[in-house]
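Sequences and hints are given; from them, build the entire structure.
One line per chain: the protein sequences are C and L, in this order.
In this text, residue positions in the first sequence follow this note's numbering: the first is 5, and each later residue adds one.
In this text, residue positions in the second sequence follow this note's numbering: the first is 92, and each later residue adds one.
Be a bit skeptical, because a hint or two may be false.
What the hints assert, rightly or not - Okay, the calculated bits of chain C under chain L, using three or more residues with CB under 8 Å as the criterion:
1) 67 to 80
2) 180 to 189
3) 195 to 207
Said to hold, decoys possible - If you want the footprint, here are the derived chain L segments under chain C, 3+ residues with CB under 8 Å:
4) 113 to 126
5) 159 to 169
6) 286 to 292
By construction, these hints were calculated from the structure, which means they are not laboratory data.
Each residue gets a CB set at the ideal place from its N, CA and C atoms; glycine is no exception.
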Amino acid sequence: MKIEKFEELLDQYGWDVSSWPELYRYEANSFIALNDEAAELLRSLKSVEDFLADDPLPMGKHQAIDDIFAAIDVNEGRADRAATGNADIVDIKSDIFAFSDDRPKHHRVTVAAKQSDDVIAPRQTYPSDQAATPAQNAAVPTDSAHSVSSLTVKSSRALLRYSATFASAFGMVICVMFGFVVGVIFTSEQEIQSDVQATELPMVRALENHFFDEASQGMGLGNNVDKSLAGQK
Amino acid sequence: MSVGIRREMTLGSQASEVARQAAALADLTDPDLVALMVHGDKRAYRVLVERYYRGIIGIARRMGLNGGDVEDAAQDVFVRVWLHREKWRPEGASFKTWLYRVAVNRIIDLKRKPQFVDGGDLESIPDGAMSPVEKLAQHQEFKRLRTAIKLLSEQQQIAINLFYDRELSNQEAAAIMGVSVNAMESLLKRARKRLREELKAME
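As C-alpha cells, this is what we get:
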C-alpha cells in the first residue's frame, strides 16, 4: 500500500481504521506499523475525531433543562395573553381605554350577528354600536317599511303622471270632438240657410212683386214690370 | 398520630408517586413520548429534552457556537419544538431527526447573524486533570482544528459534525441533512479530504 492509497481510504472510510472493511483493515494496520508518515497522519486525524466527538456540558444539565421549561412557560404565557387580548370581552369591558375592533372579523360582533334573530344582519360600520349616535337612537324606519313607503310614493307619482297623460289625451279628444261637432253644426246651419234662401227668395220676390203690383194698381200706375220691359225695348 | 407526621407521610407518598411516574415515562420510547408531548404533556417532553439535550449541545458547539450561545441555541430549539409540537407528523421522520434538523437550521441562522461572534478562538475545553502546558497545547490544537473546519463549505461542516456525533447513525445524519446515505458518504469523503489537506497545510 502507498500513502496516497492510505489517504484515499481515510477519506472514504473515516479516521477510525477499526471500522474499515476487513479487506482494507488488515493491510492498513500493517502499513501504519511500517510507515511513520501514515502513523502521524492517522494520529493527527484521530485528534480531529476526538475533538468532534467530544461533547462536554459546560453547566449543570438539570439546571439548563429547568431553564428551558421556564422559557417555555414564559412563551406560553405570552402566547395566551396575546390570544386572550384579542378575544376576551371581559378584559375589553373592564378597561375603559381598550380599543374595541368592530370589524366583521371581531369575535364578539360575529357571535352577535350569528345569535341575532333579525332577518337583516346589523351593519358592520364605524363607529361601533357602543358609541351610538342620537341618529341611531331615533326611530328609523326599517328597510322593509322604507321600501313600502317608497313603493307607495313611487306608485302615486306614476298615477299622477299617468293621470295627467290620460287627462291630456282625453281633453284633446274632447276638444277634437267638440270642434268636429261645432263644425258640423255650423256647416249644417250654412246649408240650411242657403237652402232657405234658395227656396224663399223667389217666393219673397214674387210676393214683393205682387204687393207692388197691388199697390201700383191701387194708385193707377199699372204694371211696372211690363212697362219697364216695354221701355227697355 | 400528629398532624406533622401525617403531612410528611402525605408529601412522601406524593414524591414517590411522582418519581414512579417519571421512571415510567423514562422507559417509554420516543414515539410514545412524542404522542404524549403533542397532547401537551410536559413531563413526557422533559424526558425527551433530557434524552437529547446533550446531543443538541454537542452539535451546536461543534458547529462553532461558543459557551453562552450553545446553551441559548439549545434552549431556543427545545422551546420552538414545544411551541410547534402540533406540526409533528408521526408518518414523517423520527423525532430525533426532526429535532436535529430544527437544531441545525437554528444554529445556521444564528451563525449567519451579523452580530455572531465565532467561539472558535474563545472556548477551551476544561479538563482538571491536565497541566497548564498540556491545556495550552490542547487549546492550540483545538484552535487549529476549528480553523481548518471553518475552511470547509457549510454543507461539509454540517456533514462532518453530524457524522461524528456519537448519538447519530449514518442514516440519521443523512436524514437530518435531507440527502441519501450515499450522498452523505460522498460529502463526507470530500470533507475529510479537504480537512486533511488544510491541516497538512497548517503544519
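- [ ] With a C-beta cutoff of 8 Å, work out whether three or more residues of the stretch 113 to 126 of chain L approach chain C closely enough for the coverage to hold.
- [x] violated (count 0)
Task: Claimed coverage, the stretch 67 to 80 of chain C by chain L - three or more beta carbons nearer than 8 Å - done: Satisfied; 9 residues make the cut.
Task: Given coverage of the stretch 180 to 189 of chain C by chain L, tested with a Cβ cutoff of 8 Å and a minimum of 3 residues - done: That given contact is violated, which follows from only 0 residues of the stretch 180 to 189 of chain C lying within Cβ reach (below 8 Å) of chain L.
Task: Outcome, coverage hint (the stretch 195 to 207 of chain C, chain L; C-beta under 8 Å; three residues) - done: violated (count 0)
Open item on the list: Just to make sure I understand the rule, a stretch counts as covered if three or more of its residues have a C-beta closer than 8 Å to a C-beta of the chain. Does the stretch 286 to 292 of chain L meet that for chain C?
Closed with: Holds, because 3 residues of the stretch 286 to 292 of chain L bring their Cβ atoms closer than 8 Å to Cβ atoms of chain C.
Task: Cβ contact check, 8 Å cutoff: the stretch 159 to 169 of chain L against chain C, three residues minimum - done: holds (count 5)
Figure legend: structure checked against the earlier numbered hints; hints not met, in rising order: 2, 3, 4.
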